[in-house]
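Colleague: Given only the sequences and the hints, what does the whole structure look like? Please build it.
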Amino acid sequence: MTTKKRKILVIDDDAGILEVVRIILEEKDFEVMTASEGRGIRRRIEKYLPNVVLIDLWMSGMDGEEIIKKLKGGRKTKHIPVVAMSALGDGRTRAEDSGADDFVGKPFDIDELASLMKKYARSS
Amino acid sequence: MDHSDKVKPRHQETQEPVPLLEQLMRAKQKAEQAAIESEQHASELDAVFTAMGDSLVVYDSSGKTVSANPTALRLLGFNPVGMERHDLGKRVSLRHRRGELIGPEDLPSTQALRGQTVTSKYIVIRNALGRDVMTVCTATPIRRRGKVVGAVVILHDVSESWLVEKEKDDFVAMAGHELRTPISTVKAFAQILEKHFQHTNDQLAKMYVQKMGGQLERLTHLVNELLDATKIGAEKLELHKEKFNLEELLRESADDFQKISAKHTIIVKGKLQTKINADKNRIGQVLINLFSNAVKYSPKSDKIIAKVKESCECVVVEVQDYGIGIPEADQKKIFDRFFRVDNKKGKRFPGLGLGLNISAEIIKRHGGKIWVKSTYGKGSVFSFSLPFKSKLK
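Residue numbers (the working numbering), protein chains in the order written: chain A, 214 to 337; chain B, 157 to 549.
Note that these hints are calculated values from the structure, not bench results. Every residue, glycine too, gets a C-beta built ideally from N, C-alpha and C. Hints are supplied without guarantee of correctness; some may be wrong.
Covered by chain B, according to a simulated footprint, are these stretches of chain A (three or more residues, beta-carbon under 8 Å) [what the hints assert, rightly or not]:
(1) 247-255
(2) 302-313
A partial selection of chain A residues facing chain B, derived with a Cβ cut-off under 10 Å [to be verified]:
(3) Val-234
(4) Met-298
(5) Ser-299
(6) Phe-321
(7) Leu-326
Below, in silico cross-link-like pairs of lysine to aspartate or glutamate (EDC-like), each with a Cα-Cα straight-line distance of 16 Å or less [said to hold, decoys possible]:
(8) Lys-351/B - Glu-239/A
(9) Lys-351/B - Glu-240/A
(10) Lys-351/B - Glu-325/A
(11) Lys-392/B - Asp-303/A
(12) Lys-397/B - Asp-303/A
(13) Lys-387/B - Asp-303/A
(14) Lys-397/B - Glu-309/A
Modeller: If you want it as structure tokens, here you go:
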């Protein structure tokens, strides 16, 4: 019997981060989907229904905090765990204020990132 | 009853009594002269009051505005012509630098009316037009026969230099973000490579990539210090408090540090039962900073002793090294921003000179104290204390 892979949506405007996070999480047997722009992001999430959303807070052209607030306020998406990540000094506070379930600061430790994703993918 | 004989004025030469009319004339002249002088004095004061570049507001004993100079009215967002002075306070609010409203009891005018003097306090004024003006405020009581009858508040507008400072802080915050992003990618790839070489059993390649990782940690640390220093400058250092055992954190931090610096052995002593309520990451940052200083400034020694103990309502941590020590004259400046100790040959040790300043600020914000005891040439003991019921400052 094959167990269905847990899905993670990673949203970041930095291609380097998207690439390395994909490698880290695919190695841990997650199904990874990435997005580098905010257009249509809610519809994509509603359609794809990931187990966890990993989202950067400060991106060019889209506001990570706004997206988190909308996800946490949306009927179809409010149950999805959202982990915010940021290279900003006050990232943790911003993450808490926007309603994210957890926060990971950049630069991150790859094992810590993977175990955080496992924790939330399991709970959802 | 007539005492007039005793006091009756007489002509200087003839010693004849001065007639009453003449006396009255003289008194009148004197009074007129005094009035002219007083008027001159008042107009001089008025000119100073009007032309002053700083804002000046005068309050009566009930806290009502008696007068405000044109600079003050402009700063507070009012038209200097024909305004109701007692309305000043109603449309203006005073805030601390971090944005919170100043309560009525803590207003500079209220403090001055209580007889206290307020000097050089940073205050943000949200004026009647809704604009925020950063000021340095001084408030002094006006006393008459020892009794406080009013207060003078002087506001010096520092908005321009403040804006420059804010722009600089915003720039450093943005630069920090931009620097951390590629560091994140490089660090993650280095970790992936390390695992790969572990898997293929390529020890040499693994060692090289570990060295890369160590340097990346150093780079991250430098960027973090820059960002923390900016936050301290802008009073934006945030604390996320939780309950934890400081002894455990001290042992964990010593273990972690030991992994990246094997030359020195860190000996941890002491037991602690009670938990403290503090920002664990930030206190861990202070410990790592003290360890790394202890290592950096004791190149010829191989031992560091870290102790934890309880001491009346407080927990105290000491980090002792057997290094170069700090000359007495430098000990007072050691927690200042950018201050660094030179070695005997005048050579600078690497670093930005921010670590101890940041550590001191973290401890201060927890309501604790930090200090140093050092003998030049023999070594230093850095200590900090944290109250068990740590209050946010």
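Colleague: Next step is simple, just say for each hint if it's right about the structure.
Modeller: Cross-check of the supplied hints:
Under the rule that three or more residues need a Cβ within less than 8 Å of chain B, the assignment of the region 247-255 of chain A is violated, with 0 such residues. Counting residues of the region 302-313 of chain A whose beta carbon lies closer than 8 Å to any beta carbon of chain B gives 4, which reaches the threshold of three, so the coverage claim holds. Nearest Cβ of chain B to the Cβ of Val-234/A: about 8 Å, under the 10 Å cut. The hint holds. Checking Met-298/A against chain B by beta carbon gives a least distance of about 9 Å; that is within 10 Å, so the hint holds.
Taking 10 Å as the C-beta contact cut-off toward chain B, the hint placing Ser-299/A at the interface holds, the least distance being around 8 Å. Checking Phe-321/A against chain B by beta carbon gives a least distance of about 6 Å; that is within 10 Å, so the hint holds. For Leu-326/A, the suggested interface contact is upheld, since its CB lies about 8 Å from the closest CB of chain B, less than 10 Å. Under the criterion of a C-alpha separation no larger than 16 Å, the hint pairing Lys-351/B with Glu-239/A is consistent with the structure, at around 15 Å.
For the suggested pair Lys-351/B and Glu-240/A, the alpha carbons sit about 12 Å apart, so the restraint of at most 16 Å is met. Restraint check for Lys-351/B and Glu-325/A: satisfied, since their Cα atoms lie roughly 14 Å apart, inside the 16 Å limit. Between the alpha carbons of Lys-392/B and Asp-303/A the distance comes to roughly 9 Å, so the proposed pair stays at or under 16 Å and holds. For the hint pairing Lys-397/B with Asp-303/A, the CA-to-CA distance comes to about 15 Å; that is within 16 Å, so the pair holds.
For the suggested pair Lys-387/B and Asp-303/A, the alpha carbons sit about 9 Å apart, so the restraint of at most 16 Å is met. A C-alpha spacing of about 14 Å is found between Lys-397/B and Glu-309/A, which places the hinted pair at or below 16 Å, so the restraint holds.
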